[in-house]
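Kindly generate the complete structure, drawing on both the sequences and the hints.
Protein chains in written order, with our numbering: chain H, 1 to 288; chain Y, 1 to 304.
Simulated from the structure, these hints should not be mistaken for lab results.
Idealized CB from N, CA, C, for every residue including glycine.
Wrong hints could be hidden among the right ones.
To be verified - One side of the interface only, derived from the structure: several residues of chain Y facing chain H at Cβ under 7 Å:
1. Pro77
2. Val81
3. Leu84
4. Phe85
5. Ala89
6. Ala92
7. Phe93
8. Glu95
9. Ile96
10. Met99
11. Asn103
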Amino acid sequence: MVDFLQALVDGVMLGATYSLLGLGFTLIFGVLRRLNLAFGPTILVGIYAGSHVGLAWPGALWAVVAATVVAAILCGIYVERCSFRALARQAPVVSMISTFAVWMQLQELVSLFEASRTMPYPSPAWLPALTVGPILLRSDALLMWSGATAIMLALFVLLYRTRFGTAVRAVADSSEAAALMGVNVSIIGAAAFLLASTVGGLAGVLIAQSQQQVTPYFGLWATVKGLTAMLLGGAGSLPGAVAGGVILGVVETQTLWHFGGQWRDLASFALLFLVIALSPRARSEPTL
Amino acid sequence: MEFYLSLLTLFGFRILLGLSAYVVILTGQISLAQAGFYALGAYTAGAASSMWGWPIFPAILLGGLVGGLFGLLVGFPALRVRGLFLVIATLAFTEIVRMVFLNLKYTIRVGDRTIGPAAAEGFRGITYYFQNGWSSLQIVAFTWFFVLVVLLAFWLMDRSRAGAVLRAVGEDELAASSVGINLTAAKVAAMTAGGFVAGLAGALYAHYATYVSQEDFGVLLATFAIAYALIGGTGSVLGPIAGVLFFSLLIDGLRFLGDWRNLLFGVLIVAMMNLRPHGIIDVGLVRRVASLLRPGGRKAYAGD
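This is the structure in structure tokens:
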């Protein structure tokens, strides 16, 4: 029972970062109606940049965070230029294959500059671990959860309490109607992309400080987690993506606990396949 | 000579893989499951010939049948989703197959050697060709026998009602269903045929390579399968062959770039998709060539 509870708590903490990745996917998919498979690799580049800064100036955590987020945003702009702005809106599959090509580029770029492949990532080690009864809350997991929750709250205030947020949701609902109401659809699209890249970069910081290292496979990993979180939540719903991320996190930690580490990734892919096969939303037009 | 023979064998696997993606794309679906079928074919056929002592021909066919069976199973969710989500679902399928083989441990001992899928270490000892003393020429002939049979079958299919049905579904599902075409049957049939051909390709590859590992069957392989068919064009069964030639020349032609090759590779795919969105051999080109070959062809085309 305690094991189950411990795995549940770990899952919720881990799941909070999946929720962030899912929100990044949902923002892009909701507003542009296209999947950005290069989202994970964008974050990968950010984390590598952060890792380098961390090696150059040990102890300067704020610089690491800034480098990670800025690099992720720059990569996001590159993806937007190559795979979204350049290609017609009517061709979502072409656009997605193009993001796959960009993914290959980014992953190759990282592999080319890193001989060792595995890079360390600094983590605030001074934070203490908490124990609540028999449950242990690791400091990095706690930071992951609280950081992700804070970012999500800020994001929801931005999207549901400001004019900009209303415009983003209007475009996601119907870009034609939003355009008729005087919303500049292409600017909102680019802004949503920037916002998603920022959220992705911050999620990258939180995940990397917990894992304390990064390999080029992080790109695929992050893309799959984000996609699964988004689809579990119903492909296009912002609160859904948050819930989806938490569900994915709990399923993963429970699988890890009961069946062992090698089945963990299998569980998340199986969940992704089942969700698409069974979800009625995967067929219909999503709304944000 | 040896080099060209092995290159020809490799082309055989790639063309089969391209054809398996081609038949699915005809119905307007983009599937990344082809790498999963390929892996299933490779592992089953390898086990059949090297562990269960089957003769080579039934072993290869078994690989194809298992690929086809899974094609049938994956084909059903494909009825519900399309476009982007089908791509993601089939990507998940390929990764699931890969993860299962990463964990599958099923080995036997033959003499002093261990044969069979040994989880992360891969499947060693698929040595039927070697044990029976096949020459490279025999391997090429055996591989190309399957390639030619599949090419012929798809060519005949394209000229029959079945081909027209698949293309009609790919062009416009609504129009196809309103003239009485069963969309479900067409899509599942295409997926099953694609699974069978990919399974055959994997089975042949496993015997050629003698060693397979789940690492060989990732998303990259699946993307190549689609790229062969899309860049080559789906206007004719010759399209995937053009795609394989294009990519193989590109891969070897760009070798001087070293590690930077993959960077340029992505750019070239995007550029190609913009220049010829329907591939090298598209429906228009097929019609043009066909009318040129007919007596008095040029005029017939001009009047088209």
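The hints, checked one at a time:
no., hint, in the structure
1, Pro77, "holds, 4 Å"
2, Val81, "holds, 5 Å"
3, Leu84, "holds, 5 Å"
4, Phe85, "holds, 4 Å"
5, Ala89, "holds, 4 Å"
6, Ala92, "holds, 4 Å"
7, Phe93, "holds, 6 Å"
8, Glu95, "holds, 5 Å"
9, Ile96, "holds, 5 Å"
10, Met99, "holds, 4 Å"
11, Asn103, "holds, 5 Å"
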